[in-house]
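Please arrange chain R on chain A, whose structure you already have, making use of the hints.
Just so you know, the protein sequences line up as chains A and R, in that order. For what it's worth, full-length UniProt numbering labels the leading residue of the first sequence as 1, then goes sequentially. For what it's worth, full-length UniProt numbering labels the leading residue of the second sequence as 1, then goes sequentially.
It should be emphasised that the hints constitute simulated quantities derived from the structure, not laboratory data. Virtual Cβ for every residue (Gly too), placed ideally from N, Cα, C. Among the hints, erroneous ones may be present.
[Said to hold, decoys possible] Result set (SDA-like, lysine to any residue): computed pairs, CA atoms no more than 20 Å apart in a straight line:
(1) R:K945 - A:F55
(2) R:K57 - R:W225
(3) A:K466 - R:T444
[Unchecked claim] Per the computed footprint, the stretches of chain R lying under chain A, defined by three or more beta-carbons under 8 Å from a beta-carbon of chain A, are:
(4) 347–356
(5) 768–782
(6) 865–877
(7) 888–898
(8) 943–951
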Amino acid sequence: MRLPQSLFLLAVAGSTAHASDKPTRPRGVAPEFSKFYQDSAAFTCISHPAIQIPFSSVNDDFCDCPDGSDEPGTSACSHLSRNSPLTVADRPGNDDLELTLALPGFYCKNKGHRPSYIPFQRINDGICDYEQCCDGSDEWARVGGTKCEDRCREIGKRWRKEEEQRQKSMTAALKQKKALLVDAGRQQKEVEDHIVRLEAEIKGAEVKVQNLEADLKAAQEQERKLVRTKPGKGQGKIHALAGLAKGRVDELRNALVDVRRQRDETRERVKELEDILSTFKTEYNPNFNDEGVKRAVRSWEDYAARDLSSGDANSAEDHDLDEISKADSESSGVHWEHWENEDDGCGDSNILYKLAAYLPPFIVNFIEDKVIFWRTLFEEHGIHPKPNEDPSSESKAVTEARDALKSAEDSLNDLKNKIRDHQADLETDYGTASIFRALKGQCISKDSGEYTYEHCFLDQTKQVQKKGSSSMNMGRFRSIGTKSVEEINEAGEVISVDKTTLEYTNGQSCWNGPNRSTTVILECGEQNEILKTAEDEKCVYSMIVTTPAVCPGGEQAGDTAPRAKDEL
Amino acid sequence: MARSRPASRWTLLFSLVVLLGCMVIPGWTVKHENFKTCAQSGFCRRNRDFADNASAKGEAWSSPYELDPATVHFKDGHLTGVLIKTTANEKVLLPLTVSFLESGAARVVVDEEKRLKGDIELRHDSKANKKRYDEAEKWVIVGGLEVSKSATLNAQAETGFTQVLYGPGDKFQAVIRHAPFGVDFQRDGQTHVQLNHQGLLNLEHWRPKVDRPEGEEAGEDESTWWEETFGGNTDSKPRGPESVGLDITFPGYDHVFGIPEHADSLSLKETRGGSGNHKEPYRMYNSDVFEYELNSPMTLYGAIPFMQAHRKSSTVGVFWLNAAETWVDIVKSTTSPNPLSLGASSKTNTQTHWFSEAGRIDLFVFLGPSPKEISKTYGELTGYTQLPQHFAIGYHQCRWNYVTDEDVKEVDAKFDKYQIPYDVIWLDLEYTDDRKYFTWEPLTFPNPTGMQEKLDESERKLVVLIDPHIKKEEGYFVQEELNKKNFAVRNKDGDVYEGWCWPGASNWVDCFNPAVISWWNSLHKYDRFKGSLSNLFIWNDMNEPSVFNGPETTMPKDNMHYGDWEHRDIHNVNGITLVNATYQALLERKKGEVRRPFILTRSYYAGAQRMAAMWTGDNQATWGHLAASLPMVLNNGISGFPFAGADVGGFFHNPDKDLLTRWYQAGIWYPFFRAHAHIDTRRREPYLISEPHRTIISQAIRLRYQLLPAWYTAFHEASVNGIPIVRPQYYVYPDDEEGFAIDDQLYLGATGLLAKPVVAENANTADIYISDDEKYYDYFDFTVYQGAGKRHTVPAPQEKVPLLIQGGHIIPRKDRPRRSSGLMRWDPYTLVVTLDKNGEADGSLYVDDGETFNYERGGYIHRRFHFRESVLSSEDLGAKGPKTAEYLKTMDGVTVERVVIVDPPKEWREKSSVTVVEDGAKTSSAAPLEYYKQQGKKASYAVVKKPNVGIGKTWRIEF
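Only chain A is shown next, with the shape it has when bound in the complex:
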């Protein structure tokens, strides 16, 4: 009978490998499974005890057991997996058999290092998988002439050194974490103390406001009396009106100057934007599939085609505006003194028209028109805030009283806001034992390709271009969360592990895409450090960040200020 080469090699390799120490278990079997391989006459499939095969079928490079337990040292059963396209012939006589491996993998003894399992699909594939099998035992059949020398000495040595480092680092990380917890507790205490202080201050402020309200009321009473007792003495209504009008005109003038400055700025911005868009239109790639870009180009073309002369500079208009902006005097605008000295018994409303009649008509129209036009424009575009109601003119005493009340009310509101903020802050989830309180606002960054990525804990994430250093907000902090991440355990199985995340949303928006957002996945580490940033899909980023804050342990070490809420 012909001895197949693989079997032959098995025999040879087996005899050499175990020449010195007597073979106690078949190739690839870990000590914890050796009990299944004691009987030298028959073998019972581990998960299917009903199936018995001759012991000579163990490691004969043919898969007999539906759980692969007869081939601990070969790849013959590596196809028994949910990931394989199995047929009925793989489940002899039992179509419904769930085919899963009983063993976690091929056991590499790795003398001089630590033993480990390697997936069966890597046995005798011609590749020395030193990462799992430093002793090279995974390539025992030497297929295609593959020889894997034993490298456990050097690999083991390196690993031990690294492991020592890792342990040190873990110890350091835990220390760091404790410091963070202390810090977080202290900060939380500060906030709580602050709230107590603020509550007292608010009480005081409320009393003050009440007093001032009374003062104002008194002043107003006084005022009304004054107005009643001194009707038009010495100065007529026109005088009063002229005073009002002057104030109004000054105000309008100032507003005009202000609006004009804003207009010029806006014009420049529009110009700059138009230039950007023109360049964009000539340089964009029409074949690139970006509907957003195409839509933008189309809209730009439409926009450019419209005549937008109202926004253009006009020197005649500017000249007019220059004139109007000059302060009034005898030679320009209205000569107010003349009016202020006038005394006349006409009705107020008539006077208004009269006043307007004295103003050069183009100024009246112009001022009203332009101010309204620009103001509306700016207000609509959110450049200029909408004005509050103008305060009416009052006596000094009333004004002072009112101002005092206003300022007292403001500071009261301020205090109330502060306390609200602090209370909200206390309600905010800062993670277990509020540990992230200690990290809030701390920034770390990392170079990656053409960008530098920045992460400021509980604040924002950023992408900064190295060339030109323009920066892009990748999201503002929203919440702490968890994400299940798939990892491979020692047996090579995919398991999911929950990791703490920091969610950042609503960053700068993308062309034809969502607002940028980032999920920061936290891992235990000695330093706060960005390990990796990836764009998982258009403008949706993930960042892997190490921090001592998520290292296990530390919370019970006292010094923290845990509250019931945190344990939820």
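Using the frame of chain A, we list chain R on its own:
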């Protein structure tokens, strides 16, 4: 396969899918205004008008072309003569050659005497070549031109005719009518192909431009003769009108296939309007068509002007060797049966009308009579499919773009983590430094060699993009050399042509120039393309060429190439000249290290199959595009270029999980199996997809890998006789009329595997058409389907690929999953045997080192497996060569570990062992046999354990 799950979970999944489906925004369509309709293409309109005029005149129409009998000579298989075209004022002389080839093909060439002699004047002081382009064959034809020694003039020819007998056993005859000129090609006395039967032969001869005094009407409509403007670009047309046109009729044929590339059904539709028909002719003008639409005769990236006509028991074909813009009209006419002659049925004739903007008429006619013979003869001319490196038939993972070398390594590691095999990872253009080819982006790919070395650890490969546009930038060494050596395409004024593509302003390398090929070769050497290693291969994209700001997104037709040919003359072969240059470059990047190149090309022409694989370009993540990929891949296969695939998952937009899963299950049946995605899409590597989809996708990919021995054998067959790797129904059953139009199921090589991928949303079954009365077995559970000429409903829940094995086959597999195909090299085989009605089965296996050309010197294993009279045997099909012994030695330990016999004879119930006899062994041995009885509709089967016969050995297993 995945176990079934609780219903609630499926319901949840289903509603999720529906929800996702609702969120998809429909309606991405091609920009029609960017591409010409026939009416906008001068010569297309002229030739269609010519046809309309002829048809309006009906019987009164007479083609103005006559063969002058006095000029006719027949010598050594060539018939020569002069056609005379009579016009109002002149008689134009058109030399004709009809060559009768040893292969049984005939070649008809018509040229123009004045152009041949250079006796014409070009306008605008053009320096263009005065001849009609006659060099397409330099790029396309590699053999098969030996003329027939036996072809003879038929002495009994009728008056006014010249008749030539040729072909195998002189069974073919060309009947050449002198006036008007026409040729009928006959096989066994029956006419199968007719040239100029409709009188649409049209060769626009050269004429000077006559400036008529104002007011004087031209006799003909000259509006498109001298100048044409489209999309803001004016074509100067220095030679004036010069198109060639010809009608080709297939009497009695009602199906025509071929002339890729179109996103359309396999059986081509009529093009002159009417319900279900196209209004435009099928166009072939290689173009970068953005967001192409389905069910359309619009041109795409590649062109193979090779058409087959098929009817019950007969296939014939024509190959129109012309590199200029070409359109084909198809009309089918049905003749009513004569009511007086009993039993006569109606007959459909398919009339096709071909026209090209420039060049000669150069037509090959194939008389079959079977699809396989057509493939073989066509392949002799244009070459067979390259036998690719073995890795190339594995799974390719691509994305625009893997953004850093670390990203690549991470994706690589993830595949291993999830134990999903793959062979090749791809880099789209972002790996380059500012889109300068042969460079690496220094910040994102600082360590390209480290990345390739990492991939090489599991025998994986890297493919990077190299395009023909060269960035116009000072200091870029490729640009500087291109300029210094004068290797760029020029414009009509003779200046270096500048256009826009990915890098912005660019010049185009002119691969028609032999000196360019050697320069291009030098650029790919490891010391010039720094950071490239031997496991790096090339993707040639944008080689139509795509020019963003050019007319129809390509070059102006009056651009000039090497040899003073206008771009108009050579456009459709432009793509393969780049592929050719790259192929030469990859053959021997290091002295003494000769390897089979791997190249993916987007643009192609006949002949590309010798050098590259193709994919169907920028498709979309829709069910429609998934469905369209099957006829497109099948059509490419029968057109001689079977190494074809579509982007799995769809290039544009995000596929939902169901679509992506079904796409993998379909994609494993593309000869070229690559997933690709647009830069704006979400990442979708298979391991990222949530369960149960990830498991299902893994199973599909592993099924591809399990069947790689069968795939490689099918590739080998294609590489020696041109038979498609995946075959459509009509090709396998050319006598079964019911199956001629079926283009949604396919056969893998000669394995008897029949797959029908699910391409419809929410489908849970597949209706597989079975042509014969053999038993067909479900691949996974051996359920039996039987019944000829009808569709059988096969369950197709999401986790299942509808796949049957026909009775009578032996399929070689490798069942052990590995990280890459390279690592499966030493694994043992499983043979799956299904018996036919006579209890017999047949199969074959081809294996070689998958890398070098040693197979050309005998370094391979080629076996025939045969089961007959209870004996399974392996016989040698190979021929010995100097490398045979060496290769066999390396494969010595590779054996058959298992034989599965589906539906074995009942007597085997009693058997428990078989006798194994291997050549060279002194004694026979026994191997255990286990029999498993039938369960319901599932066939019984038997498994032979560990016969351990050598795969390269001759052996017998006696049952």
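Verification of the hints:
1. R:K945 - A:F55: holds, 16 Å
2. R:K57 - R:W225: violated, 24 Å
3. A:K466 - R:T444: holds, 12 Å
4. 347–356: It is violated: at least three residues are needed, and the stretch 347–356 of chain R offers just 0 whose Cβ sits closer than 8 Å to chain A.
5. 768–782: Holds: 4 residues of the stretch 768–782 of chain R have a Cβ under 8 Å from chain A.
6. 865–877: violated (count 0)
7. 888–898: As far as the stretch 888–898 of chain R goes, the hint holds, because 6 residues have Cβ atoms under 8 Å from chain A.
8. 943–951: Since three or more residues must qualify, the claim that chain A covers the stretch 943–951 of chain R holds, with 4 doing so at under 8 Å.
Hint check: violations occur at hints 2, 4, 6; the rest are consistent with the structure.
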